[in-house]
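Student: Chain by chain, the residues:
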Amino acid sequence: MERRAPATSGSRAASGATLLAGKAVNPITILQTINPFTRLVRLLSSIRLAMALILGIALVVLVGTVVDQVPTVMRADPAAYARWLELERGKYGSWTELLQRLDLFNVFHSTLFRGLIALLAVSIMVCTMRRWRSVWALTFHTRIRMTETFLRHARFHDAMDASMPVAEAAEQVRRSLSRARYRVRTEADGESVAVFAEKNRFSRFGTFFTHLGLILVLVGAIAGGVWGFKDPQFVVAEGSTKDVGQGTNLAVRLDRFTADYYPDGRPKAYLSDMTVLKDGKVVKQGTVGVNSPLHYGGIAFHESYYGPAAVLKVQDSTGQVIFEGGVALNMKTQDGLRPEGSFELPEQNLSVYVIGPMTDQADSLVPPGEVRLDFYQNYVRVARPGNIVQGRPTPVGDMTFTFVREGAYTGMQVVKDPGVNLIWVAGGLMIVGMVMLFSLPPRRLWALCRAKADGSTEVLLGMQGQRDISLAGEFGKLRGRVAKALGREAGERVDEEGDEDV
Amino acid sequence: MFELSHYAFLAALGATGLAFCMAVVGALSGRRQLAFAGVGADVETSGMPATWGRYGSILAVNAFLFLTASLVLRGIAAGHAPFSNMYEFSLAFAWCALALGIFFERRYHFKTLALLVLPIALGLQVYATTVSDTIEPLVPALRNNLLLTVHVAMAILAYGAFTVAFAAGVLYMLQRKNGVKWLPKNSVLDEVGYKAVMVGFPMLALAILLGAVWAEIAWGTYWSWDPKETASLATWLIYGGYLHARVVRGWRGERSAWLLIGGFGAILFTYYGNLFLGGMHTYAG
Chain W
0 MERRAPATSG SRAASGATLL AGKAVNPITI LQTINPFTRL VRLLSSIRLA MALILGIALV
60 VLVGTVVDQV PTVMRADPAA YARWLELERG KYGSWTELLQ RLDLFNVFHS TLFRGLIALL
120 AVSIMVCTMR RWRSVWALTF HTRIRMTETF LRHARFHDAM DASMPVAEAA EQVRRSLSRA
180 RYRVRTEADG ESVAVFAEKN RFSRFGTFFT HLGLILVLVG AIAGGVWGFK DPQFVVAEGS
240 TKDVGQGTNL AVRLDRFTAD YYPDGRPKAY LSDMTVLKDG KVVKQGTVGV NSPLHYGGIA
300 FHESYYGPAA VLKVQDSTGQ VIFEGGVALN MKTQDGLRPE GSFELPEQNL SVYVIGPMTD
360 QADSLVPPGE VRLDFYQNYV RVARPGNIVQ GRPTPVGDMT FTFVREGAYT GMQVVKDPGV
420 NLIWVAGGLM IVGMVMLFSL PPRRLWALCR AKADGSTEVL LGMQGQRDIS LAGEFGKLRG
480 RVAKALGREA GERVDEEGDE DV
Chain D
0 MFELSHYAFL AALGATGLAF CMAVVGALSG RRQLAFAGVG ADVETSGMPA TWGRYGSILA
60 VNAFLFLTAS LVLRGIAAGH APFSNMYEFS LAFAWCALAL GIFFERRYHF KTLALLVLPI
120 ALGLQVYATT VSDTIEPLVP ALRNNLLLTV HVAMAILAYG AFTVAFAAGV LYMLQRKNGV
180 KWLPKNSVLD EVGYKAVMVG FPMLALAILL GAVWAEIAWG TYWSWDPKET ASLATWLIYG
240 GYLHARVVRG WRGERSAWLL IGGFGAILFT YYGNLFLGGM HTYAG
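Top line first, the protein sequences correspond to chains W and D. At position 461 of the first sequence the residue is numbered 460 (numbering that gives the first Met the number 0), and the sequence of numbers has no breaks. At position 237 of the second sequence the residue is numbered 236 (numbering that gives the first Met the number 0), and the sequence of numbers has no breaks.
Just chain W, same shape as in the assembly (with noise of 0.2 angstroms):
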């Protein structure tokens, strides 16, 4: 981030205009001062701009987690969200057209938050970039020689005197610094010996870890919008197979279903069986539960729920079979009382809706055992509905229905996220950068020996930084050691800083 906060732009104008005016004598600094590009960098490397944006996200966020957020299910279906939205007016009554208008109730993926989030990477970008050659300087090209003022004011300064020559008094301070494991280098000319000594100088390329992770991390996301999917719904019923669709040629069999419970009834954990078919032929088989995952081909499918489904046979008048598998009760009939599911026969061009029992009370109409079907062609019913007793093959017109057990079906979120590995990587990367920052603070020590008239030598030392107690407190640390190892141990109090109850 830059320094100083620019000047308002009023000021930056009437600065612009007395410069335009002649009064200034150089032209880079009228080009500087002007170029809407350089005025467009100062802006989005300020602090206060930063700041802003950060407010800016975290009120919408705020918004985000107060508002009810449109599930994502319903997001992309405008049907589903115009239902979803008749449900909120319940809540939000007249407020929902301006909410809705606003987009708050999908703020998240709003091009104001978009925006915002866009424009904060920007800035992050534009602010990085421009601290690059600062610290690749600070790092890199260090002078070793520091002239006598500044070694007089800087932030942390000493100055004591050693009965040795110049030659041994550096050695000495050289060992001590180096034995506070301290980078030390030394330049000699005539008179004196100039000692630099630093250590964890690489960590202020933490900053650059950190903030090209963030960067990363919305890369990372970008792609996976991009040539990812998500299927939150993918339901497959026990002894059925389901295409994956979605441009994969991949389709997924449940072999089996099964939940496990604690004693008091709560679920503790449910596994599906799975066969991942590639144009038909197996390629994948294994075991999906909540926090174990399957992977094939960059894809992975995720256990999210499960519901009752019915297995059932139909046969035509000849005794061919025309449907065999199971069927997902993943529906709700329209009383919203008992689960329903529902398959195509597509040769009779008949859709047969499956109803199973009532679960929380005893069903008169459905009862346990049995499964009632409803047909329809091109959405009008055609048949009665009527019940079938499982185990027991019941003629409906010239076909035969079976319900041949009751089984389960799993509900899964399918993902394609090529964006996910990027988004560990540059976790990862903020992570470091952020352990390199606070944890190995970069620290620089200047020390200058000189030749006394006596033959003494005189040994200055200067430390600079951020004004802070620890700085405080590791200046002491040296000092003192510089100070032992010049034998001046005697009288020389160590400044250890807090040392006083506050």
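Keep in mind the hints are simulated off the structure, nothing from the lab. Even for Gly, the Cβ is constructed at its ideal location relative to N, Cα and C. Heads up, a few of these hints could be off.
[Unchecked claim] Calculated from the model, a selection of chain D residues having no Cβ within reach of chain W, i.e. all distances over 12 angstroms:
#: 1; residue: Leu3
#: 2; residue: Ala10
#: 3; residue: Val23
#: 4; residue: Ser28
#: 5; residue: Leu64
#: 6; residue: Thr67
#: 7; residue: Ala80
#: 8; residue: Gly122
#: 9; residue: Ser131
#: 10; residue: Leu236
#: 11; residue: Ile260
[As the list claims (entries may be wrong)] Each computed DMTMM-like pair below joins lysine to aspartate or glutamate, with the alpha-carbon atoms no more than 25 angstroms apart:
#: 12; chain 1: W; residue 1: Lys483; chain 2: W; residue 2: Asp453
#: 13; chain 1: W; residue 1: Lys267; chain 2: W; residue 2: Glu369
#: 14; chain 1: W; residue 1: Lys267; chain 2: D; residue 2: Glu135
#: 15; chain 1: W; residue 1: Lys283; chain 2: D; residue 2: Glu215
#: 16; chain 1: D; residue 1: Lys184; chain 2: W; residue 2: Glu473
#: 17; chain 1: W; residue 1: Lys476; chain 2: W; residue 2: Glu197
#: 18; chain 1: W; residue 1: Lys267; chain 2: D; residue 2: Asp132
#: 19; chain 1: W; residue 1: Lys280; chain 2: W; residue 2: Asp334
#: 20; chain 1: W; residue 1: Lys241; chain 2: D; residue 2: Glu215
#: 21; chain 1: W; residue 1: Lys483; chain 2: W; residue 2: Glu170
#: 22; chain 1: W; residue 1: Lys277; chain 2: W; residue 2: Asp242
#: 23; chain 1: W; residue 1: Lys451; chain 2: W; residue 2: Glu190
#: 24; chain 1: W; residue 1: Lys283; chain 2: W; residue 2: Asp230
#: 25; chain 1: W; residue 1: Lys280; chain 2: W; residue 2: Glu339
#: 26; chain 1: W; residue 1: Lys415; chain 2: D; residue 2: Glu215
#: 27; chain 1: W; residue 1: Lys312; chain 2: W; residue 2: Asp263
#: 28; chain 1: W; residue 1: Lys476; chain 2: W; residue 2: Glu147
#: 29; chain 1: W; residue 1: Lys267; chain 2: D; residue 2: Glu253
#: 30; chain 1: W; residue 1: Lys483; chain 2: W; residue 2: Glu197
#: 31; chain 1: W; residue 1: Lys198; chain 2: W; residue 2: Asp242
#: 32; chain 1: W; residue 1: Lys241; chain 2: W; residue 2: Glu339
#: 33; chain 1: W; residue 1: Lys267; chain 2: W; residue 2: Asp254
#: 34; chain 1: W; residue 1: Lys312; chain 2: W; residue 2: Glu405
#: 35; chain 1: W; residue 1: Lys229; chain 2: D; residue 2: Asp132
Take the given structure of chain W and dock chain D to it, following the hints.
Tutor: Same frame as chain W, now just chain D:
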């Protein structure tokens, strides 16, 4: 185990309450002493009179040990890290606030920090008494011992650190406005706040990252704009803002102290948000 854990918790609750009383008495009598001593007294070294303050510190350490025992016993009883509902999480939060409070108190010889950290730890423990403390079986999504332990541990460490930063921020404002003599120097308060954020910030980042990893494994989405997720992201951004703002000279001191106070508001929102907002972090209690 469960019973023992409960008794240890009650002991911790009592110790925290008493420690807080001691700290208050210590601060008040310390102030009176200063008034008697008049101007020119050695303000730097007096602060709280030794006795009350020391009793307070010892009690705070005891409270910390009792809470440690309570959490460990509960972990053994439950068979997993005690991080799975609001009761356990409140205890862990209080534990961490105490731990970091004690650490910073010793590191910076900063007894008055207890004046704010202790009531927060106390408040969390009192809150814990109002929620169900039964050990519930874990829902399938939570059945991942490693991630449950590390993800939540990072979050409470961050919360604890930000509590200390908040305490430093509030004391800074007090100091700034009134020139309170029994408080540490502004520079110390400013630095304690900064150091605490330096601990908390990467921890929160790690908590969010591990949460994303876990969500990816359990739900197939590393990010789903769940209220708790989003609120912790906003919290993290606020502290990120604080760290950057502090680099700019003008934002040191009062303004950054305000950010610490605001950041703690965000922490509380993150912490309690799921209670009234729902979302995928709504587990037992």
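Student: Find the hints from earlier in the document that the structure breaks and name them by number, from lowest to highest.
Tutor: 10, 13, 19, 25, 27, 29, 31 and 35
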